[in-house]
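Peer 1: These are the residues of each chain, in order.
Number of protein chains: 2
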Amino acid sequence: MVVAAPKADRRVTICEAVFELLAEVGYDRMSMDAVAARARASKATIYRGWPNKPELVMAAVEHRYGGSAEPPDTGSLRGDLVAHLSTVCAVADGIDGAVFTGLLTAATHNAELSAVMRRCVYETKHVMYETMIKRAVARGELPEGSTPELLHEVLHALVMSRRLWRAGPFDEAFVKRTVDGVLLPVLRQGC
Amino acid sequence: MVVAAPKADRRVTICEAVFELLAEVGYDRMSMDAVAARARASKATIYRGWPNKPELVMAAVEHRYGGSAEPPDTGSLRGDLVAHLSTVCAVADGIDGAVFTGLLTAATHNAELSAVMRRCVYETKHVMYETMIKRAVARGELPEGSTPELLHEVLHALVMSRRLWRAGPFDEAFVKRTVDGVLLPVLRQGC
Chain A
1 MVVAAPKADR
11 RVTICEAVFE
21 LLAEVGYDRM
31 SMDAVAARAR
41 ASKATIYRGW
51 PNKPELVMAA
61 VEHRYGGSAE
71 PPDTGSLRGD
81 LVAHLSTVCA
91 VADGIDGAVF
101 TGLLTAATHN
111 AELSAVMRRC
121 VYETKHVMYE
131 TMIKRAVARG
141 ELPEGSTPEL
151 LHEVLHALVM
161 SRRLWRAGPF
171 DEAFVKRTVD
181 GVLLPVLRQG
191 C
Chain B
1 MVVAAPKADR
11 RVTICEAVFE
21 LLAEVGYDRM
31 SMDAVAARAR
41 ASKATIYRGW
51 PNKPELVMAA
61 VEHRYGGSAE
71 PPDTGSLRGD
81 LVAHLSTVCA
91 VADGIDGAVF
101 TGLLTAATHN
111 AELSAVMRRC
121 VYETKHVMYE
131 TMIKRAVARG
141 ELPEGSTPEL
151 LHEVLHALVM
161 SRRLWRAGPF
171 DEAFVKRTVD
181 GVLLPVLRQG
191 C
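Going down the list, the sequences are from chains A and B.
Residue numbers for the first sequence follow full-length UniProt numbering, so the first one is 1 and each next one is one higher.
Residue numbers for the second sequence follow full-length UniProt numbering, so the first one is 1 and each next one is one higher.
Wrong hints could be hidden among the right ones.
If chains are identical, the list can't say which one is meant, so a pair holds when it fits in one copy or spans any two.
[Stated by the list, open to error] Below are the DMTMM-like pairs computed for lysine to aspartate or glutamate, each with C-alpha atoms no more than 25 Å apart in a straight line:
#	residue 1	residue 2
1	176	130
2	125	16
3	125	28
4	134	93
5	53	28
6	43	20
7	176	33
8	134	123
9	176	149
10	43	149
11	43	93
If you are wondering where the hints come from, they were derived from the structure by calculation, not from laboratory data.
Start from the sequences, fold in the hints, and give me the full structure.
Peer 2: Here it is, written out as structure tokens:
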């Protein structure tokens, strides 16, 4: 008997069911059976595609976060940073932030899941930071040779830390203070 | 019958037993019974002092991390930052970092534990940052009115993020890059 892998549209339905359940009950209480029921798929289909829960969750994380996007293009470095950080804050403050915080739990015991999360939430986003920096260099706002590594690392760490420790709201004041007090000084050092 | 609270030296023994078990088996698998056995205390003594596991863990976290310390005093702002960050990295890289990462799991479901962790690992340390900044102002390295808030927030976030995502080693290169590329530019903006 030839066993086919789940087709693309089934994959999408299943990944979305996984994400819904992660949001509703969290990683520990999510079962493969519940995913099958939510996606109206047979258990055989689920297990054929993903042998266990970590694999299934990794697929759902890739599906939802694995891509990149065009960064904002406001005409100034500061404008781009404010717009981008505002978007990141909205994501961290919403259901995605809650799911991700929950998954960190599982990831501390699972290096592979941790690596997938890091790739999806960090590495695939790096090209956006590169684009913002290139545009700022082209406009003469930053010197030739400026790189996005520190910007990306600091922005990511500050947002994640605030979310994880419930250290304060993701409001305009946070965005402004982070952009003007941290990100721009880090980028403009030596200017 | 008058029931006395555990005496101070019993408290220390019990808190240290809790921390050892957190390091060995993690929060989820640590039982009140195991703590009693490790501390050679009766279960009645444990339950008399702390009605449940979160309370007991919070006491242990307070015991081990609740205090502050004198910051390094090397004679320069950069020297102080390098010395302090090196110490923080050594802690994050060792057993305390592992225990703390494990406790974050429990803290995502327990706002009170989260608040205790934040107080012990962040708020009680703030005075060290104040002292470092005051000394730098007195030496004329920073302008009057300089404050430690951003320094503390950024340093804490960068170390925690690196630990949690296993993003790289806590080596001299990380310390140097963080101090020269992020912390000093943040502190010296407007200088």
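Peer 1: Taking the hints in turn, state whether each one holds.
Peer 2: Going through the hints against the structure:
1. When the C-alpha separation of residue 176 and residue 130 is checked against a cutoff of 25 Å, the pair qualifies both within a copy, at 21 Å, and between copies, at 23 Å.
2. In this homomeric assembly, residue 125 and residue 16 come within 25 Å of each other (Cα to Cα) only inside a single copy, at 21 Å, whereas the closest approach across copies is 42 Å.
3. For a Cα distance limit of 25 Å, the shortest separation of residue 125 from residue 28 qualifies neither inside one copy, at 28 Å, nor across copies, at 34 Å.
4. When the C-alpha separation of residue 134 and residue 93 is checked against a cutoff of 25 Å, the pair qualifies neither within a copy, at 29 Å, nor between copies, at 35 Å.
5. Taking CA atoms no more than 25 Å apart as the test, residue 53 paired with residue 28 passes in both settings, with 10 Å inside one copy and 19 Å between copies.
6. Proximity of residue 43 and residue 20 under a CA criterion of 25 Å is satisfied intra-copy only: 18 Å inside one chain copy versus 42 Å between copies.
7. In the homo-oligomer, the alpha carbons of residue 176 and residue 33 never lie at most 25 Å apart, since the shortest distance is 45 Å inside one protomer and 50 Å across protomers.
8. In the homo-oligomer, the alpha carbons of residue 134 and residue 123 lie at most 25 Å apart inside one protomer (18 Å), although the nearest pairing across protomers, at 38 Å, exceeds that limit.
9. Taking the shortest alpha-carbon separations for residue 176 and residue 149, both the intra-copy value of 21 Å and the inter-copy value of 15 Å come in at or below 25 Å.
10. Neither within a single protomer nor between protomers do residue 43 and residue 149 lie at most 25 Å apart by alpha-carbon distance, with minima of 43 Å and 52 Å respectively.
11. Proximity of residue 43 and residue 93 under a CA criterion of 25 Å is satisfied in neither setting, with 34 Å inside one chain copy and 42 Å between copies.
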